Amino acid sequence: MQLMFKYITSICFLFFVVKGYTQNQQKEISIDSKTDSVVYKTNYGLRLGVDISKPIMSQFNSTYGGFELVGDYRLSKTFYAAIEVGFEEETTLEDFTNSTSKGNYIRLGFNVNAYKNWLDMNNEIFVGYRYGFSLFDQTLNSYVPNVNTTYFPANTILTPLTTNDLTAHWSELVFGFRAETFKNFFISVSGSYKILMNIKDPENFKTLYAPGFNRIFESGTGFGFNYTLTYLIPFQKK
Amino acid sequence: MKKIMLLLGVFLVIITSCEKDDYCIKNPVTPHLIVRFYDDSNKETLKGVDELYVWAAEKDSIFSNVKTDSISLPLNSNATKTVYYFSNGTTVDSFTISYTPKEEFVSRSCGFKMTFEEVSFSSDSFWIKNFTPTTLTTIDSQNAAHVQIYH
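These protein sequences, in sequence, are chains A and B. Note that our numbering has the first sequence beginning at 1, numbered continuously upward. Note that our numbering has the second sequence beginning at 239, numbered continuously upward.
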């Protein structure tokens, strides 16, 4: 109940902040547009960086390890082609099973910036789409059959069973914010909702975690989070 | 910048608020053996045992002095047979269930269940007159009785 409350409060908080932010900006634009007719140019180019949330999570969580490189290329004023490649390893502890997924992934897609910048600022509130593909192995480290009796308790089976070359294909919707903090240096935070399109499960078991997709829920959906630091290599201004 | 940091904080709260959301609600996961007791002279009629004791070899009683016509017994998934002793208070019959245990994955929260295949039953016949069937292809659910004992 308390968690629920925390959850709702934080969501309210989120909308409150977003609203305050946009109103502030609009006011300034309207004042400025009356006196200024200069067209401000912004940088176009290739933006490269890393997701720093994954190495940080690896430090605090002994069952997780991951690394992700991100990049995007600006195609028009609001449209960016985006790519993410990475490696992830995660051990899933459940009541009756313990399994590890390990592998590489790639996500390809685009972002559309919905934020109208003031002057030559280059911030973003973006929405996007990604197609994701992951190639990974899953090892069932140990399990205990769920026999629901204490009269004949089941033995824990400790022989690891690895299935190689598992694949997952998915689609995801991305929503995030990006701010230029220093010249050509960006910080971005985004979340994503993923829908599984196709998955190869191990025989007589299930893929509980796919790299790049995260935990696979019963309905074949998942959630992702990115916190990236990127640097823009400017090619031209327009 | 401050606003971005604030948003980041909000996101972190949302992410950390997630907790275990699925519990195994399937019950039972691994089926038990369902035994029903019938009248030997009138095979259509259920006939309870007035004073039933049940225990497995080298184990404590699982049922002790109960009056019932239906019992559910767990099977040993680490072996290929389970030997139970049925007593009606005065005489003891052994009842042996032989099978091949198989593991079957159910779900993330429920894990693996056991199913028992190529099941066969055998029994002494001091107070148990007869039973049916003598073989079963599989025990994978407990929607209906698996074996009927006539006494």
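Any given hint could turn out to be false.
As the list claims (entries may be wrong) - Straight line, CA to CA, 30 Å or less: simulated DSS-like cross-link-like pairs of lysine-lysine: (1) K367/B x K264/B; (2) K116/A x K206/A; (3) K264/B x K340/B; (4) K206/A x K367/B; (5) K41/A x K200/A; (6) K116/A x K200/A; (7) K340/B x K206/A; (8) K200/A x K340/B; (9) K102/A x K340/B; (10) K206/A x K102/A; (11) K319/B x K305/B; (12) K305/B x K285/B; (13) K285/B x K367/B; (14) K54/A x K183/A; (15) K264/B x K200/A.
As the list claims (entries may be wrong) - Here are some chain A residues the structure puts well away from chain B; computed CB gaps all over 10 Å: (16) V39; (17) S58; (18) L75; (19) N117; (20) P145; (21) H169; (22) L208; (23) P234.
Calculated directly from the structure, the hints in this document are not laboratory data. All of these numbers come straight from a predicted model, not from anything done at the bench. Glycine included, every Cβ here is placed at the ideal spot set by N, Cα and C.
Review point. Going through the earlier hints one by one, which of them does the structure break, listed in rising order?
Key: 1, 2, 4, 5, 6, 20, 22
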